[in-house]
Amino acid sequence: MGMYTEKVMDHFRHPRNVGEIKDADGIGKVGNPVCGDLMWIYIKVKGDRLEDVKFKTFGCGAAIATSSMITEMAKGKTIDEALKISRQDVADALGGLPAIKMHCSNLASDGLKSAILDYMKRNGIKPPEGIKIESEHEDVCETG
Amino acid sequence: MGMYTEKVMDHFRHPRNVGEIKDADGIGKVGNPVCGDLMWIYIKVKGDRLEDVKFKTFGCGAAIATSSMITEMAKGKTIDEALKISRQDVADALGGLPAIKMHCSNLASDGLKSAILDYMKRNGIKPPEGIKIESEHEDVCETG
Amino acid sequence: MAQPNQIYMDYSSYCPIEPRVLKEMLPYYERYFGNPSSPHSFGVQMKAGLEAAREKVASLINAEKPSEVIFTSGSTESINAALRGAAFRNKEKGNRIIASSIEHISVRNTLKYLAKNGFEVVYLPVDEYGVVSVESLKGAMNERTVLVTVMYANNEVGTVEPIKEIADIAHEKNAILHTDATAAIGKMPIDVNRDGIDMMSISSGDMYGPYGIGALYLRRGTRFEPLILGGGQEAGFRSGTENVAGAVGMGKAAEIAKAEMAQEAERLSKIRDRIIKGTKEAITYSFLNGHPTLRLPNNINMRFSFIEGESLVLSLDMEGIAASSGSACSSKTLEPSHVLLAMGIPHEEAQGSLLLSLGRWNTPQDAQKLLEVLPNIVRGLREMSPIAPPGVR
Amino acid sequence: MAQPNQIYMDYSSYCPIEPRVLKEMLPYYERYFGNPSSPHSFGVQMKAGLEAAREKVASLINAEKPSEVIFTSGSTESINAALRGAAFRNKEKGNRIIASSIEHISVRNTLKYLAKNGFEVVYLPVDEYGVVSVESLKGAMNERTVLVTVMYANNEVGTVEPIKEIADIAHEKNAILHTDATAAIGKMPIDVNRDGIDMMSISSGDMYGPYGIGALYLRRGTRFEPLILGGGQEAGFRSGTENVAGAVGMGKAAEIAKAEMAQEAERLSKIRDRIIKGTKEAITYSFLNGHPTLRLPNNINMRFSFIEGESLVLSLDMEGIAASSGSACSSKTLEPSHVLLAMGIPHEEAQGSLLLSLGRWNTPQDAQKLLEVLPNIVRGLREMSPIAPPGVR
Ligand SMILES: Cc1ncc(COP(=O)(O)O)c(C=O)c1O
Ligand SMILES: Cc1ncc(COP(=O)(O)O)c(C=O)c1O
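Protein chains in written order, with this note's numbering: chain H, 1 to 144; chain R, 1001 to 1144; chain U, 2001 to 2393; chain A, 3001 to 3393.
Any given hint could turn out to be false.
[To be verified] Here are the computed lysine to aspartate or glutamate pairs in the DMTMM-like style, where the Cα-Cα straight-line distance is at most 20 Å:
1. U/LYS2116 <-> A/GLU3225
2. U/LYS2047 <-> R/GLU1006
3. R/LYS1022 <-> R/GLU1129
[Said to hold, decoys possible] Cβ-Cβ distance ranges computed for the label pairs, FRET-style:
4. U/ASP2273 <-> A/GLU3225: 44 to 54 Å
5. A/GLU3055 <-> U/GLU2335: 28 to 38 Å
6. H/GLU81 <-> U/ASP2273: 35 to 45 Å
7. U/ARG2220 <-> A/GLN3263: 50 to 60 Å
8. R/ALA1093 <-> A/ARG3393: 52 to 62 Å
9. U/GLU2135 <-> A/GLU3051: 28 to 38 Å
10. H/ALA99 <-> U/ARG2393: 45 to 55 Å
11. H/MET102 <-> A/ALA3262: 18 to 28 Å
12. A/GLY3221 <-> U/ARG2220: 38 to 48 Å
13. U/ALA2048 <-> A/THR3293: 39 to 49 Å
14. U/ARG2220 <-> R/MET1102: 42 to 52 Å
FYI, nobody ran anything at the bench for these hints, they're computed from the structure.
In this text the structure is predicted, and so the values were computed from the model without any measurement.
Even glycine gets a Cβ: it sits at the ideal position worked out from N, Cα and C.
Start from the sequences and build out the full structure, keeping to the hints where you can.
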């Protein structure tokens, strides 16, 4: 599949951290199956660190690879660090994504943020200023 | 030259009866060099028969071949017979002409008629009814 | 042509050239040359090759005269030329154009252009199998209808349309009937006279000929204006120095199709049916898209609930099987197949579609191999899917 | 390629494919296949081949980005697309289009179409050598001018036009400059940046590549709308499944042209000059059409008073030499060359023109052979001609 880098293909072939965390501390749900992408990110928090991160994803190769990649990137990071992971960071870690996929299937960092916000909400923690998840509960499918 | 029959090519390669008749009894001039075709047909009349027919032509392969062919067809014929030779007869005798050449370069029968009319005029003979030479002194180049 | 361990089931995206076709073309690259319009002997062989090819294409579709076949650069150009040429040339008659809602994007985009330029385009619904509603065509026809365009068979779901019936209805109101036969050509017998077709777009590539050449069938007397203007080649209907080698290839492809189509269709439909049956048996929540019987012999289109199509195609590719999907991610527009949506399949289900298109080099063993790997792939993707109900694999 | 005793001097009508080009194409017929847009591995090699070809074409014309090169089916299509696409897309700016009066018929007929559709087309005169009048361009330009189109070099008389100057004048009024470089491509260095070209039409066939493929150079940012709509291939500028084998051939042809053009131009211009000089010396009332120095290296266009061109070409063919003429009889329209007429050559003289276009397989011996037979042929035809003054042969 020439459109994807070897790194993307590696994560697609062997996705890391697939599955649910039964007693998750936070769950982030982004995307919309109508648009072809849906990601659920589960986190387990210990102190201020993400002890465990898992995902379930309905979507294309890029969606699965970014989901897998974000779990690896986020695991062990502090919440503050994890919140700073951007779409671009995920794409970069994968050696790049096709232009057409940059927006449509690169929801993983949003998913992670969403999971952290869910954790904060559950625990009455005020989220830091300026955190916004554009793709959450989207009504219109994003393109390109 | 695949557009022409072998017969056309034969007459183009070896045109019969090329040249002037110095003391011609009639001369027909049809076509227009501006249009790419000009034919002069010379006749020598003996009794009511065409004793000799010659031509000079400026024009394409079809123009030269039809000129050559008409001289062969007309030679020895009576004037009445010669007047009946049509464009189609010339084309048929040549095994056919490309559609695009049927009108533009197939002036030879007109040239012959014109030469006969010239002969009649010189000798005060009234031409038969219905003889018309469309292409004589044409102002507009005919196409296809 | 593929590597020995690879299986190609994507013939509707791109068809390899048939070696017998290439063999026929090569002399026009290696030996003959010259402009077919030139009056010297170099051009003669070229002209002869071009016209022999035209006759072969005409014979495949039973055109009355070879001159009704106009060579173009492919179906897309033929379609653009046909729709625009018929619409603009007949605009005094009216401005209504009627099309099915499952046309190829080249038809859709040309119709959008016409809609922007004063035409009123009416789209006909299809049923759950993708069959165009003849009743709604009857309702949509009026005196101002200049053109009806319905594809001969759909390239995604394989459904064959009732063209003859559609043509008859169009002709009652003196409308021109165009059909995009790109998906059907060479796969089933097409007879422009029996079927009442006025214009038809086909490509060489889709019948094992070279790409870069196609044809527009234009019934004698059909009022049309050319799209590409210039030196007056193709009787003035399509200018540009002729691609003789390409045309010769298309001619040979047409000749082979005519001779071998019936037998090949039978062979492929057996493989097709085995895959459809095997997939349905092995995988829960799997469904056939398109009509169970009015179907191209080489088309399999299945959908699998709870998973997405590109990841399916990607996984199959990892197993050495090339396929297509109807998913948004596989299209340039990032929209799921308008064909599946028009058939009433919900968006998320449409995303999970897999298009397997068979061809000359597929064997029953390919079906076997596919049926071995597909269930595991679907299971793996469903395990990863947040929308798969627990226990469904 | 020709038979041993045949000489081909009609490269501007049709150019044989170069064996090195064919060799590069064959793997795309024999080995690789797949849709370049497909996400599976079959498509990858195709996509790679297509893009490598695009880079080679871009490099030949010094385009800044390969994406400025759009593959089409040939020059005629490129020209139709360029002129219509630029005119309609920019019609708010104005409706004036300026062209030379010696453009190829594909440009002329597209301009006629535009004139019928609301555009005002102004034709610029040329001088006796076929050089476009820059002064009259200055006079014709106004704020409402959307497009200027002048060919890079003329295909009949070989005259090279002052494109850079023309481009500068066009740009002063923000008009788009299109040039038809079909005759010039591969024969002389073209640099779209140096020359200020916004759009350029070229074909593969005219540089020893296959026919059926060409390109439109479209400078980034040029406002344009596509002619052929569909699946959005070629970045949406030209839809239709890509003719990858063709594009690869065009790429290789461009690569060879870039490497060998300078040397080949020198070689051919020597043969050219020998023929021109030899003909003038041997035949009275013979004249060179076109510019003596601002001339394509492979073009010879002579006229011979009192005789007609087709019969000349026919006679040469009988001697095994393939050529073209500017005569009415050799054209589909039965009109003598509009180029010669625009240069002020009288109708009957224009009928007697002979176009010899040289190419890769011509040798000095070919010139020798031509010079041996041509005087006799002219003499024979003049003897038959009623308008040749007595004694002129
Ligand atoms: C100057 C010029 N422009 C355009 C064309 C059209 O090119 P094509 O017939 O390859 O489309 C030609 C063809 O010879 C030409 O000489
Ligand atoms: C049904 C249908 N119509 C038209 C086309 C366009 O054909 P092309 O891309 O060969 O021009 C396709 C392409 O696959 C098709 O499947």
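Hint check:
Among the hinted pairs, U/LYS2116 with A/GLU3225 is consistent with the structure: their alpha-carbon atoms are about 13 Å apart, no more than 20 Å. Distance hint between U/LYS2047 and R/GLU1006 is fulfilled; the C-alpha atoms sit about 18 Å from each other, no more than 20 Å. Simply put, R/LYS1022 and R/GLU1129 have alpha-carbon atoms about 30 Å apart, too far for the 20 Å limit, and the pair is violated. As the Cβ distance of U/ASP2273 to A/GLU3225 is approximately 45 Å, the hint placing it in 44 to 54 Å holds.
Taken as a hint, the range 28 to 38 Å holds for the pair A/GLU3055 and U/GLU2335, whose Cβ atoms sit roughly 31 Å apart. Evaluation of the 35 to 45 Å hint for H/GLU81 and U/ASP2273 yields a failure: the beta carbon distance comes to about 56 Å. At roughly 52 Å, the beta carbons of U/ARG2220 and A/GLN3263 sit within the given window of 50 to 60 Å. Checked against the hint of 52 to 62 Å, the pair R/ALA1093 and A/ARG3393 fails, with Cβ atoms roughly 31 Å apart.
Between U/GLU2135 and A/GLU3051 the beta carbons are some 48 Å apart, a value that contradicts the proposed interval 28 to 38 Å. At about 34 Å, the beta-carbon gap between H/ALA99 and U/ARG2393 misses the expected band of 45 to 55 Å. Our hint of 18 to 28 Å for H/MET102 and A/ALA3262 is violated, since their Cβ atoms are close to 44 Å apart. For A/GLY3221 and U/ARG2220, the Cβ-Cβ distance of about 45 Å falls inside the hinted range of 38 to 48 Å, so the restraint holds.
With their beta carbons about 41 Å apart, U/ALA2048 and A/THR3293 fall inside the hinted range of 39 to 49 Å. Range check, U/ARG2220 to R/MET1102: Cβ separation about 21 Å, and the 42 to 52 Å hint is violated.
The structure shown violates the earlier hints numbered 3, 6, 8, 9, 10, 11, 14.
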